[in-house]
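Whenever a hint applies, use it, and build me the whole structure from the sequences.
Each chain is listed here by its residues.
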Amino acid sequence: MNCLDYRRTLLAGTGESDSMRVHRLQCVACAAEWQEHGAFEEALREGLEVPVPQGFAARMANAQAVSRRKFLAAAASVLAAAGAGGFYLFARQDPIALAGIDFVMKEEAKSIMMGAISRSEAQAELAGTLPIERMERIGQVKHIRPCPFNGQTAIHVVLVVPQGKVTLLVMANSTVRRARHAEKEGLHAAVVGIQRGSVGVIGADLDVVESVAGALKA
Amino acid sequence: MGFEDTVRAHAADLFRYAYWLTRDRAQAEDVVQEALLRGWRAFPRLRERAAAKAWLFSIVRNEYLRAAGAPALDSLDGVDVADERSDHSGLEMRDALLALPASYAEPLALQVLGGFSCAEIARMIGATEGATMTRLSRARQALKRLIAPAERNVGRP
Numbered sequence: 001m002n003c004l005d006y007r008r009t010l011l012a013g014t015g016e017s018d019s020m021r022v023h024r025l026q027c028v029a030c031a032a033e034w035q036e037h038g039a040f041e042e043a044l045r046e047g048l049e050v051p052v053p054q055g056f057a058a059r060m061a062n063a064q065a066v067s068r069r070k071f072l073a074a075a076a077s078v079l080a081a082a083g084a085g086g087f088y089l090f091a092r093q094d095p096i097a098l099a100g101i102d103f104v105m106k107e108e109a110k111s112i113m114m115g116a117i118s119r120s121e122a123q124a125e126l127a128g129t130l131p132i133e134r135m136e137r138i139g140q141v142k143h144i145r146p147c148p149f150n151g152q153t154a155i156h157v158v159l160v161v162p163q164g165k166v167t168l169l170v171m172a173n174s175t176v177r178r179a180r181h182a183e184k185e186g187l188h189a190a191v192v193g194i195q196r197g198s199v200g201v202i203g204a205d206l207d208v209v210e211s212v213a214g215a216l217k218a
Numbered sequence: 001m002g003f004e005d006t007v008r009a010h011a012a013d014l015f016r017y018a019y020w021l022t023r024d025r026a027q028a029e030d031v032v033q034e035a036l037l038r039g040w041r042a043f044p045r046l047r048e049r050a051a052a053k054a055w056l057f058s059i060v061r062n063e064y065l066r067a068a069g070a071p072a073l074d075s076l077d078g079v080d081v082a083d084e085r086s087d088h089s090g091l092e093m094r095d096a097l098l099a100l101p102a103s104y105a106e107p108l109a110l111q112v113l114g115g116f117s118c119a120e121i122a123r124m125i126g127a128t129e130g131a132t133m134t135r136l137s138r139a140r141q142a143l144k145r146l147i148a149p150a151e152r153n154v155g156r157p
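These protein sequence lines map, in sequence, to chains A and B.
Here the numbering used here is used: position 32 in the first sequence is 32, and no number is missing along the way.
Here the numbering used here is used: position 102 in the second sequence is 102, and no number is missing along the way.
Rather than coming from a laboratory, the hints here were simulated on the basis of the structure.
A hint or two may mislead.
What the hints assert, rightly or not - With a straight-line Cα cutoff of 30 angstroms, these simulated DSS-like cross-link-like pairs (lysine-lysine) come out:
| hint | chain 1 | residue 1 | chain 2 | residue 2 |
| --- | --- | --- | --- | --- |
| 1 | B | K53 | A | K110 |
| 2 | A | K217 | A | K184 |
| 3 | A | K184 | A | K110 |
| 4 | A | K110 | A | K217 |
| 5 | A | K142 | A | K217 |
| 6 | A | K106 | B | K53 |
| 7 | A | K106 | A | K217 |
| 8 | A | K142 | A | K106 |
| 9 | A | K184 | B | K53 |
Quick caveat: nothing in here was measured; it's all calculated off a predicted structure.
Laid out in structure tokens, this is it:
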């Protein structure tokens with residue numbers, strides 16, 4: 001361990017190892033650096049600890065409790081209305097819908113980081129399937145980009161509707177005759193037919209997913 | 001520990017982490033709320049409850065990237081922030097942190113607020129451990145330059 005290694009490791013904030021400590025005890029300059037570093041780290045922590053809104057933790061915990069009650073109530077009403085057969089269909093895990101959820105969990109961030117294509121490019125990509133204006137009637141289009149999906153190219157759209165955000169995957173070459181559904185890792189997906197092909201709608205809230213899918217289907 | 005207890009234990013640090021990603025208090029609150037909504041539905045399937053904290057931070061990060069207009073947390077290797085902003089020397093620590101791009105402030109927040117190791121941060125941000133250490137070092141270097149007192153023009157009238 002030399003002075004350069006000592007200071008370089010200190011800057012990474014990983015703490016002081018035994019070999020660093022031995023060096024510090026033998027080096028006056030690095031001992032002074034250690035003192036200064038302690039004060040800096042204290043100031044850094046204080047700087048990062050921005051004030052948290054009053055009652056934030058309780059509000060967040062309470063929001064989860066309310067969501068759980070609403071979810072259980074919705075599930076109970078579906079069971080009561082549709083019976084066991086209907087619930088089987090509801091709970092069925094469709095492979096394309098599941099692939100849509102996997103896309104959101106693993107690929108979506110990459111697509112967003114690569115940036116959106118222009119509006120004119122998006123209109124050309126979506127021609128004959130799902131016009132961009134139709135999506136804009138129900139929400140604000142925040143991102144559009146073609147992406148590899150399930151062995152084809154789908155148009156990935158992030159749509160913000162008043163109740164929250166959903167992801168759309170417009171698949172020109174996949175047709176579905178009836179709506180398909182899946183649920184995994186807290187996300188819900190519905191795939192419905194459009195003018196040409198189909199669109200997958202994926203989001204955290206089942207009601208929002210269903211209402212967006214209903215608004216977009218042909 | 002159940003989900004509600006886990007939320008109560010980490011909500012403050014999740015908010016602060018979201019703030020350093022978004023730089024906006026209202027947006028940070030939205031990001032955390034959306035992330036926790038996803039989280040509680042997936043929580044029963046979380047096998048390692050001890051990893052719940054890192055898991056929640058990751059969900060917040062994904063939600064931020066999903067959020068409208070989220071800028072890419074791109075790599076800034078080779079960019080010297082403090083040199084580019086040399087006119088900003090003498091700042092208070094929080095102002096200096098605000099002058100850092102999110103890609104520098106994020107690993108700092110994960111390390112200092114979250115208490116995560118370099119290896120854990122590297123996994124969360126999708127970088128190598130070496131690149132993460134470099135980013136943490138550069139972030140601290142940049143902060144030190146930003147908070148250093150501005151040089152005065154001694155001897156001038």
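Verify the proposed pairing of A:K110 with A:K217, using a straight-line Cα cut of 30 angstroms.
holds, 27 angstroms
Starting from A:K184, check that the Cα of A:K110 is at most 30 angstroms away, please.
holds, 20 angstroms
Are the Cα positions of A:K217 and A:K184 separated by 30 angstroms at most?
holds, 22 angstroms
Given the hint that A:K106 pairs with B:K53, does the C-alpha gap stay at or below 30 angstroms?
holds, 20 angstroms
With the threshold set at 30 angstroms, check whether the alpha-carbon distance from A:K106 to A:K217 stays at or below it.
holds, 26 angstroms
Within 30 angstroms, alpha carbon to alpha carbon, are B:K53 and A:K110?
holds, 23 angstroms
Taking only the CA atoms, is the gap from A:K142 to A:K217 under or equal to 30 angstroms?
holds, 20 angstroms
Is the straight-line distance between the alpha-carbon of A:K142 and that of A:K106 30 angstroms or less?
holds, 19 angstroms
Tell me if the straight-line CA distance from A:K184 to B:K53 falls inside 30 angstroms.
Since the Cα atoms of A:K184 and B:K53 sit roughly 20 angstroms apart, the hinted pair holds (cutoff 30 angstroms).
In terms of the numbered hints stated before, the structure departs from none.
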